[in-house]
Each structure stands twice: as C-alpha cells, then as structure tokens.
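Going letter by letter, the sequence shown gives residues 27 to 407 in our numbering.
FYI, nobody ran anything at the bench for these hints, they're computed from the structure. No experiment lies behind these values; they were computed from the predicted model shown.
With a Cα cut of at most 16 Å, we get these calculated EDC-like pairs of lysine to aspartate or glutamate:
#1 K279 <-> E372
#2 K187 <-> D107
#3 K187 <-> D110
#4 K367 <-> D274
#5 K190 <-> D107
#6 K191 <-> D110
#7 K191 <-> D107
#8 K279 <-> D238
#9 K187 <-> E200
#10 K279 <-> D222
#11 K279 <-> D229
#12 K279 <-> E227
#13 K190 <-> E200
Label-pair ranges, simulated between beta-carbon atoms:
#14 A68 <-> S330: 51 to 61 Å
#15 A69 <-> R39: 18 to 28 Å
#16 G125 <-> R89: 20 to 30 Å
#17 D143 <-> Q282: 32 to 42 Å
#18 T79 <-> G349: 47 to 57 Å
Just so it is clear, CB atoms sit at the ideal spot from N, CA and C, and this is done for glycine as well.
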Amino acid sequence: MRLEHYIPVGKERLRCGYTTGTCAAAAARGAAEYLLTGRRPAAVQILTPAGITVTAELEDWSRGSDWARCAVRKDGGDDPDVTDGLLIYAQVNLRSGEGIVIDGGPGVGRVTRPGLDQPVGQAAINSTPRRMIEAECSAALQASGSPGGLLVTILVPEGPKLAKKTFNPRLGIEGGISILGTSGIVRPMSEAALVDSLYLEMDQLHARGGRDVLITPGNYGADFARTALGLSTRNLCSCSNYLGNCIDYAVGKGFQSFLLVSHLGKLAKVASGNFNTHSAVSDGRRESLCTHAALSGAGRTLVSSLYECVTTDAALDLLEGAGLLEDTLDSLMGALDRHLKARAGEMPIEALCFTNQRGLLAMTPGAVALLSRHREEEETK
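With these hints in hand, go ahead and build the complete structure from the sequences.
Below you can see the structure in the form of structure tokens.
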C-alpha cells in the first residue's frame, strides 16, 4: 500500500516511502498475529520512529505447526533505490523462553568486520529496526495473551543479488542486504529540488537578518551543535551532501561568515576537495585519512590497516594506538581549511569535526572565534 505522505522539497511535493526496517517490523507483526491467533490480517499499521503511521499490506502467507511467515513489499516513494518493490519476509516461530529473539535468514547480510551498528557475526539488522520488530511482536504477544517468547527471522530472497549493488561488500557485510532505517521513513531526495530547499532555508535566514550562518549536513550535526557545542539553531541551515552549492550561495547572498559542523567522515572527503559528499559521487574518506596519516609519519603497515577500516572511528583507534591521532587530524584539518577558504573567497569560513564515539575532535584555526561569535549573537537576542 502506497504511503501517502508528502514533503515539500524545493518547489516540488515528493512522496515519502518506508524503510526496509519498517517492512521487517510490519511483516513480523503480521506473522506473529497469524501464528498466535490463527487470523491473517490483510494489513497492519506501524507507528514509525518519525511519528508517521504506515499501513502495510501483507503478502505471500505460509504457516506450519509452530511458525508463520508473510512479507511486505518495500515502497521507496519518490526516492526509489535498489530495494524498491522488494519483498521483505518475516518468519515467526514459537520458543519456550521468554522475550523476542531476532535474527537474519537467507538474503540478510552478516557483519564480518568491527565498527558497524551490529557486532561481528550478527545479522545486519540495525538497532532501530530491531527495536521496531521487538515492539511489534511484544504487542502481538500481549494482545493474544500467549505465554513464552518468539523467534523472529527476517528473510530477503532477492537479497544476495541486490547486495552486489550496495556498499555492503565493501563494508564487510556478506550474504545479503542490510535492514536499515533510523526514522522508518524514506524521505525523497530529488537533487535539484533538494538544493532548492537548501537555498530556501538560507533565504529565510537572510530575510530574518541572519548574517552568520551555521551549517550542518543533517540531524547528527545539528544535534551535536546544539547539545555538545551549546549553539542555538536560530542561524542553522542544512547543506545535506551539497556543501559546495551552499558555500557558493552563501557568498553570493552576502553572508558574513560560515561555520560548518560535521562528522569527520564527510569532512575527510572535503579535505580532498570533494564538495559533494554523497556516497554515489565521492567516497574518499579512507584515502584522505591514509594520506594525512602518511604525511604525519605512518608507515606502510599502519596505512594498509587504515585502508581496511570500515569506519572512521576504527581508523581513529588505530591512529591513537600509534600515537599519530593528533598529528593526522592537524594535517587533515589544514587541508580542509585550505579547500574551504579557496571555495569561499573573502567570506570567513571555518569547520569543526566530531564523531559519535569521540565527540569533538578537531577544528580549523579560526573556528573558536566563529564559535564565540555565534554564542555572543545568541546572548544579545
């Protein structure tokens, strides 16, 4: 069933879809109800973490003496990817112990390297989908009054073939796709329309009299700016993956300064001169980190190990162990500073980088002054 939820993106209204995680949770709820009550619901309603209710039709039913299975068809909305239209199955088995156990079956990838959302050996079903699946199956158990627990297995028959079109093989996720989604909802990203919406944010800020713009790629950066740096969101705008477009627009609009707060993974790309950080366009994080580690004295063995890291946090752990973390970050931030200033011209521009595990890591030389400027401006409001 189509999700009829629309968001404005630039001058367009684009239809949202729902994630593989929402599909898995909905299929699990349907299979659990069928197993526990003997009744097959035509559809189930799932309240996603985004606060949007999804009504998902259930397909391809089967049942045994102690198990039931059904599927939900993925709806990508106006932002379809390789999983759009894919059937995501859930098989629910009775188990003697209490609680809900969640695993992946054929077509769901397995984690083989550290540093991802799930530990090595676990099915690549991320934390938010796991919580959604557990909540839906617990609700089905409670409604039926059944004792004991459930084993939920997520299956994607087309997963092994589709995984070759994703980043999973490079991340060390083998055998299938990942079950993903932090909000449960897929928000469409038409590039031209999205860039228009970013410009609109900056237009609105300028119209309110804002001249010192605070830029983050998205929610993670915004949350860090607010909670860890104590910055107001009054002058906050998003650049998504289109940092170069936003810098150019800010210069043309006449902003007096540009402060960028972002995860190290994105800024490592910018430090190599990549101002569109979308993974389909640029994925040079490890190359950038390896380059600046080598410039800081890392030997071939360490550089090779860094190159194999799945995440930036894993690379930082190696650098710290070698005593090269601070020097590498200084080198990388120097390159970042040069690229930003070359793009921005006379407009003052600075950046701060963080990771979720380590918090604030490093900043360009003039970032402290711009931080103070934002805080002083807020105090005068």
